[in-house]
Structures are given as C-alpha cells and as structure tokens.
Amino acid sequence: MMRHRDHYAGALIAAIGAFAVVEGRSYGVGSLTAMGSGFFPVALGVGMVVLGIAMAVVPQSAPTGHANLHKVSAPDWRAAAAIAAGVVLFIALANSAGLAPAIFGCVFASALGTRTTTVKEAALLSLGVTVFGVLLFRYGLQVPFPILAGVIY
Amino acid sequence: MEGSFAGLAHGFDVALAWHNLIWCFVGVVVGNMVGVLPGMGVLSTISILLPLTFSMQPVAALLMLSGIYYGAQYGGAICSILLNLPCHPPHAVTCLDGYPMTKQGRGGVALGITMLAAIIGAAFGIGQMMVLAPYIASIAFKFGPQEICALMLLGLLAGSTLAKGSPIKGISMTLFGILLSLAGTDINTGNERFTFGYAELSDGFELVAISLGLFGIAEFLKSVNSVSLAGVKNVRLGFRDLRPSRADLRQGLPPILRGTVIGSLCSLIPGTGPTIASFIAYAMEKKISRTPERFGYGAIEGVASPEASTHSAVQGDFIPTMSLGIPGDAVMALLLGALMIHGIQPGPRLIIEQPDIFWGLIASFWIGNIILVVLNVPLIGIWVKLLMVPYRYLYPTALFFVCIGVFATRNEMFDVAATLGFGAFGYLLLQLGFEPAPILLGFVLGPRLEENFRRALLLSRGSMETFIDRPISAVFIGISVLLLAAQVYAAVRKMRAPVKLPEEAFD
Chain A
0 MMRHRDHYAG
10 ALIAAIGAFA
20 VVEGRSYGVG
30 SLTAMGSGFF
40 PVALGVGMVV
50 LGIAMAVVPQ
60 SAPTGHANLH
70 KVSAPDWRAA
80 AAIAAGVVLF
90 IALANSAGLA
100 PAIFGCVFAS
110 ALGTRTTTVK
120 EAALLSLGVT
130 VFGVLLFRYG
140 LQVPFPILAG
150 VIY
Chain B
0 MEGSFAGLAH
10 GFDVALAWHN
20 LIWCFVGVVV
30 GNMVGVLPGM
40 GVLSTISILL
50 PLTFSMQPVA
60 ALLMLSGIYY
70 GAQYGGAICS
80 ILLNLPCHPP
90 HAVTCLDGYP
100 MTKQGRGGVA
110 LGITMLAAII
120 GAAFGIGQMM
130 VLAPYIASIA
140 FKFGPQEICA
150 LMLLGLLAGS
160 TLAKGSPIKG
170 ISMTLFGILL
180 SLAGTDINTG
190 NERFTFGYAE
200 LSDGFELVAI
210 SLGLFGIAEF
220 LKSVNSVSLA
230 GVKNVRLGFR
240 DLRPSRADLR
250 QGLPPILRGT
260 VIGSLCSLIP
270 GTGPTIASFI
280 AYAMEKKISR
290 TPERFGYGAI
300 EGVASPEAST
310 HSAVQGDFIP
320 TMSLGIPGDA
330 VMALLLGALM
340 IHGIQPGPRL
350 IIEQPDIFWG
360 LIASFWIGNI
370 ILVVLNVPLI
380 GIWVKLLMVP
390 YRYLYPTALF
400 FVCIGVFATR
410 NEMFDVAATL
420 GFGAFGYLLL
430 QLGFEPAPIL
440 LGFVLGPRLE
450 ENFRRALLLS
460 RGSMETFIDR
470 PISAVFIGIS
480 VLLLAAQVYA
490 AVRKMRAPVK
500 LPEEAFD
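Chains A and B supply the protein sequences, listed in that same order. Residue 12 in numbering that gives the first Met the number 0 is what sits at position 13 of the first sequence, and the numbering runs on without skipping anything. Residue 184 in numbering that gives the first Met the number 0 is what sits at position 185 of the second sequence, and the numbering runs on without skipping anything.
Listed below are the simulated BS3-like cross-link pairs for lysine-lysine, each with C-alpha atoms no more than 30 Å apart in a straight line: (1) A:Lys119 with B:Lys221; (2) B:Lys384 with A:Lys119; (3) B:Lys102 with B:Lys221; (4) B:Lys221 with B:Lys384; (5) B:Lys286 with B:Lys493; (6) B:Lys384 with B:Lys102.
Computed far set for chain B versus chain A, every beta-carbon distance over 10 Å: (7) Leu7; (8) Ile135; (9) Asp247.
What the hints contain is simulated information worked out from the structure, not anything from laboratory work. Since we're looking at a predicted model, the values are computed, not measured. Glycine is no exception: its CB is placed at the ideal position from the N, C-alpha and C atoms.
Based on the sequences and whatever the hints tell you, model everything.
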C-alpha cells in the first residue's frame with residue numbers, strides 16, 4: 000500500500016511538472032541574461048518531473064513522531080460530498096437568493112457530513128448560525144449581499 | 000543593546016495604545032480558544048480572520064494575528080494534558096506524560112507547570128528576538144539579489160526538508176507552491192501566466208483561498224468523522240490545584256530551562272519550528288534522566304521540557320521572518336503574506352523603516368504572554384467546558400466562516416470556488432502522504448525569488464557563477480548543498496538497510 004501510494008504521489012508531481020514545462024514553453028523561455036516569462040515555470044516543471052520520478056524510485060521515510068498525528072484514514076465520501084455541497088450551495092445562493100439562504104444551505108448541507116447528526120439538529124444549528132451570521136456580516140461588516148433577495152435587503 | 004531598550008520603550012507605547020491593546024487581547028483569547036478546540040488549526044484560524052483585518056491598521060492586524068499563534072500554544076497543552084488528544088502538533092508529545100498525570104489526578108499540577116514553562120520559554124524567546132533580529136537585519140542590509148536568492152534557496156530547502164515527512168515530497172510541495180505563485184500577470188513582461196482565460200486570475204491566486212483550502216477544508220475532511228471526544232474526568236482545576244508543590248518545582252525547573260534553550264536553538268534554523276523542538280526536548284530529557292523508566296507514566300519533566308521548548312521556539316520563529324523576510328514555516332508565511340497585503344515590504348529594512356510594527360510586536364508579545372498566563376488560571380474551567388462542544392457542530396459553522404472570509408478578501412466568488420478546489424486537492428495530497436505546509440512557503444516567497452533571480456543574472460550577464468563568486472552567497476549555497484547531501488546520504492543508507500523500527504526515532 001505504502002509503495003503504491005508513493006507511485007501515485009510521484010505520478011501526480013511529475014504530471015504537474017510536465018504540464019508546467021509544456022505551458023511554460025509557450026510563454027517564451029528566453030536566455031539566462033534575458034529571461035522570458037516561461038523560464039521559471041519550465042525550470043520548476045523540470046524539477047518537479049525529476050522529483051516525481053525520484054519519489055517513485057526512492058523509498059520514502061516512514062513518518063516519525065506521535066502515531067495519531069500522521070494517521071490518514073480512508074477517504075470519507077459522505078463527509079467530502081457534504082462539505083463540497085456546503086461550499087457549492089454558498090456560492091450558488093449568495094448572489095441569487097441572498098445571504099440568509101446561503102448561510103443556511105452551507106451549514107445545513109455540511110452538517111449532514113457526519114453519521115451522528117440528525118436532520119433536525121442540522122436545521123437548528125443552521126438556523127442559529129444564520130441569525131448570527133446575518134447580524135455579524137450584513138449589519139456588522141456590511142457584506143454586499145441582500146439578506147433575502149427581493150424581500151429583505 | 001541600548002538600541003533594543005529604546006526600541007522596546009517605543010514598542011510599549013505602540014502596543015499599549017488602546018486599539019492595539021484590544022486587538023492583541025482579542026488575538027490571544029481567540030488563539031487560546033482555538034488551541035483548545037480539537038480539529039481547529041492555527042493556520043485556518045489566521046486565514047479566516049485575515050480578511051477581517053484588511054480594514055484595520057497594519058500594526059493592530061499583525062499583533063492580533065500573531066497573538067492567535069502564540070495564544071494557541073497555551074490552549075494546545077490543555078487539550079493534550081486533559082484529553083490525550085494530540086490535536087495541536089507542537090503539543091503532541093506532551094500527551095505522553097501529561098495525560099498519565101491527569102489519570103493520577105495531577106492534571107492541575109501538569110497545567111500549572113506548563114504555564115510556568117510557557118512564561119519562561121516565551122520570555123527567553125522574546126529576549127532572543129530583541130537582541131538577534133536587529134543584528135541579523137543589520138547584516139542582511141547589504142545583501143544584493145544574489146545573496147537574497149541564495150538565502151531564499153536555503154530557507155526553502157530547510158523549510159521543506161527538515162520538517163516532518165519525506166524530504167523529496169517536501170521539496171516537491173515547495174516547488175508546487177512557487178509554481179502557484181507564478182499564476183497571474185508577470186510583472187517583468189506583462190504576460191499572463193497560468194490564468195487559463197480567467198480574468199479573476201490575472202492578479203494570481205489569493206493567499207487566503209490557498210491556505211483555507213489546504214488547511215481549512217482539507218482539515219475538516221480529515222477530522223469530520225474521526226474526532227471524537229472522551230469526557231474530562233478526575234480533574235480539579237481550582238487555583239490551588241494548579242499550583243505545583245515545592246518538590247514539583249525542584250523537579251520541573253531544570254527541564255524547563257533545558258527545554259527553553261533547545262527551543263530557542265531550533266527556532267533559529269528555518270524549518271525546525273516548535274513541533275520538532277518539542278520532540279527533541281522530550282527525547283533529550285528522557286536520555287539524560289536517571290530514571291528514564293518513569294517517562295510515559297506521568298514524569299513531570301516530560302511535560303515541562305517540551306512545553307518550554309515549544310514556547311521559546313514559537314517566539315523565536317519570528318526572528319527570520321522579521322529580520323530577513325524569510326518565513327520558517329507556514330504560519331510565518333501567512334503572517335508575512337498579511338504584512339504584504341497591508342502594503343509592507345518584508346525584509347531587513349522592516350525593523351528600521353517600520354519600528355512601530357517590529358517593536359510594537361515585541362512589546363505585544365510581553366503583554367500577550369502575561370495576559371495569557373493571568374487569563375488561563377480563571378478560564379481553564381471554561382476551556383474545559385468548551386472541549387465538550389462536539390466537533391460536528393463546530394465544523395459546519397467554521398465552513399461558513401471560511402466561505403464568507405474568502406469571499407470578503409476581494410468580494411470575488413471565484414475565490415470561494417478556488418478554495419473548494421484547493422481543499423479537494425489538499426485532501427488528495429494528504430492521502431498520498433504529502434505534507435502541504437511547504438506550499439505556503441513557496442507561494443509567499445515565489446515572486447521575490449523569481450524577481451531576484453532575474454535581477455542577479457541580469458547583473459552578471461547570464462553567468463550562474465555570480466552565486467558562488469560572492470562570499471556570503473557562496474556560504475548560503477554551500478550550506479544548501481550540504482543539506483541536500485545529508486538528505487541523499489540518509490536516503491541511500493536507508494535503501495541499504497530498509498528494515499528499521501519506527502520507535503527508533505523516539506528513543
């Protein structure tokens with residue numbers, strides 16, 4: 000597992016590096032005396048490709064220190080989906096529907112990311128944060144959104 | 000030295016001005032609270048509050064943001080000692096002996112000795128900064144682009160290889176961070192780089208979006224279903240319970256002094272911040288102890304020494320940041336970014352050109368640490384109650400703060416989407432065993448590195464030898480090469496002898 004992980008990690012870094020090289024070349028590399036915009040991206044990209052390959056070849060050191068600190072659990076798709084939905088709802092609702100629905104949607108959706116939180120709990124929490132958030136950000140810090148589009152400005 | 004005292008006097012004038020004092024107070028209290036809460040990091044808190052400081056004066060903003068950093072160190076110990084939760088990396092090692100002390104009913108004493116360690120460690124760290132930072136800056140004053148480049152190279156290398164995790168992965172994260180910093184309009188040519196046609200990217204990525212994505216959202220994803228809290232039992236936390244006995248003091252004071260020295264030494268090497276200092280301090284304390292078998296079962300030295308080293312390292316961390324403009328870790332990178340957002344150029348000129356910031360910051364350290372010790376005694380009961388707030392209520396609220404904070408940076412919804420993207424990417428990085436912190440180092444230093452590199456080679460007409468022709472620059476390059484050689488040597492040795500017990504690192 001650990002070895003596989005390093006292969007994927009190396010591939011990711013090498014791929015980003017290769018992209019930087021290709022993209023950077025199109026900006027013009029120039030010379031050492033007169034560097035073009037592409038010089039640095041290409042140099043960084045080459046470095047990343049080399050490191051990516053090295054990562055897959057050289058065994059990586061095991062993390063040291065307190066065991067709990069570095070423990071990475073398997074991906075938690077429910078949590079990931081809930082948090083992503085929360086941010087997406089905030090983006091989608093803030094301009095169109097207003098600050099209050101955006102806060103409510105963001106908190107409500109993300110709160111459902113745990114297995115223990117009930118819908119009722121999530122709704123109560125969202126309601127509380129919405130009231131607090133509107134007071135602080137609309138009245139206190141004057142964020143430029145309507146509170147509820149078309150109803151309360 | 001005399002300059003230091005004049006400066007400090009000026010600093011107290013600045014830091015005691017009521018608006019600065021209030022923000023310092025807010026910073027340390029928020030920091031203290033965040034340090035206690037499991038699953039809330041210093042980095043994400045500073046990033047969330049960063050947009051709120053845009054309308055503040057730069058001095059007040061910096062005092063508050065720094066206060067969060069050292070304030071959190073006071074809270075982190077509470078979490079480790081009472082709950083055995085290593086939620087805050089520099090205090091992870093404190094769990095080893097702090098929690099057994101709690102189980103024996105001596106949790107109060109452990110917290111008391113921690114506070115003593117904190118104030119001694121911090122005082123030493125601040126004193127060191129007062130003396131060393133102006134001195135280092137006065138040397139760095141004469142640096143040309145070659146020296147700046149070489150120094151940045153050294154700082155970035157040290158920052159990415161000495162911290163935890165694999166050095167190859169660390170360096171690749173730094174390079175990725177530099178690459179990210181290049182996105183936007185190239186100041187030398189006016190070309191747009193890596194903007195992919197998005198007008199929102201012509202000024203580059205937002206620092207806040209990157210740090211909240213990588214450390215906020217990715218952190219939530221990691222902890223949502225894994226942070227669970229055990230209740231706090233068997234602890235009495237009145238003023239009397241916190242007071243260590245005479246015997247405790249006799250046992251705890253020498254380790255505190257040793258830890259302080261280790262912390263201050265570690266803080267001078269970029270990349271070895273408080274976390275590494277605390278591990279070294281613990282390991283050394285165990286090694287020189289006549290009764291090493293007590294460690295892990297509630298030895299007071301195992302609490303005192305790492306805690307002192309953490310606090311002195313945290314204060315010392317500011318030295319390279321303030322005197323050279325080169326941050327040693329991600330928190331410092333963020334603070335430096337905050338300064339730049341306020342239009343202040345970091346570097347050796349900062350201390351002379353912005354005495355309000357430098358000396359005000361130092362004075363606020365003294366004030367802040369005293370506030371923290373005074374506050375902690377009556378507030379510990381409240382912090383313990385706060386520990387009971389379930390994480391499942393906390394993270395949705397924090398997520399909303401992330402969204403609105405990133406948006407408010409420049410009223411741009413694009414940045415919120417970018418944050419989500421960085422969050423997902425950061426989570427992928429964590430899964431693949433990367434430590435994303437060096438990305439911030441690279442991101443903050445990237446533009447200055449490119450500019451100085453260009454300038455150096457322009458002056459030398461394209462000759463790379465210019466970096467080793469100049470003595471100071473050659474020394475920095477030499478140390479960098481040694482650093483790399485040491486890493487390669489270690490890797491080669493490991494390849495030959497692949498079987499190694501993980502415990503070895505600890506003993």
